[in-house]
Each structure stands twice: as structure tokens, then as C-alpha cells.
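Trainee: Numbers -18 to 96, taken from this note's numbering, label the letters of the sequence shown in order.
I should point out that these hints are in silico values taken from the structure, not numbers from a laboratory. Hints may contain errors.
[Unchecked claim] Computed list of lysine to aspartate or glutamate pairs in EDC-like fashion (alpha-carbon distance at most 20 Å, straight line):
1) K33 / D43
2) K58 / E71
3) K33 / E79
4) K33 / E68
5) K58 / E48
6) K58 / D45
7) K58 / D43
8) K33 / E18
9) K86 / E48
10) K86 / D31
None of these values were measured; they are calculated from a predicted model.
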Amino acid sequence: MADMDDGKVILKKIVIADTEEEDTISRKEAAPSALSEDVRMLVTSMIHQDGKAFARVSFLRDRDWAEGIVPGGRIEKSEGFSGEEIEKLEAYLAGEQEMILQQAKGVNPIRNLFR
């Protein structure tokens, strides 16, 4: 996993692969390993709109993409991911919501404006 240092988004590799071993691992430990190396996740900075604060999250895999928000953990738009994969991405968003929100709070969108 690598974080981008450009102040705009945080990029992480995640996976949506199935493994039968996950049933024996606690759900908290299984959440990050339930995702596959070929999917990348982008996290925006915190967005404040209509009195609510949230972050947008994009999942990218070749030409496939999905966009969602946290808190809430739902995918709003997608193309190329199956229904089952979307469910897994939403489960990932819900399970990793705190971590994603912490990362979003650390993103500074103005950082590169004056470079």
C-alpha cells in the first residue's frame, strides 16, 4: 500500500478476491485481506456540504471503476464491477470507514496549488 504525497488524494491498493480462509479469521482482521491487489483506491480530502462532512472514494481496476462515499459506505456509481464485487467494496467501505475518514482528514487539497 502506498500513499500519494500530492495532497490531493490517497492511493491504496486493495483487493476484492475471495478466500475461504477468511471464515476462520476474525472479521476485523479479514476486512483488509478480503480485497485484491489489482484494485486501487483513491480517497479525497474531507468534503463539507449541506452541513455534512464526507469523503469520496474511488476504486479503479484497469478500465473498471466505482465511486462511493464514507460515512455511509455505499457505492453510488460504477462500471465494470459485478454486483458481487460492489457488495464487497461496500463491505470494505463500511468495515474500514474509520481508517478511510482519518486518511481523508490528512489530505490537504491546497498543498499543491502554489507549487
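Trainee: Can you give the numbers of the hints that this structure goes against, from lowest to highest?
Mentor: 1, 4 and 8
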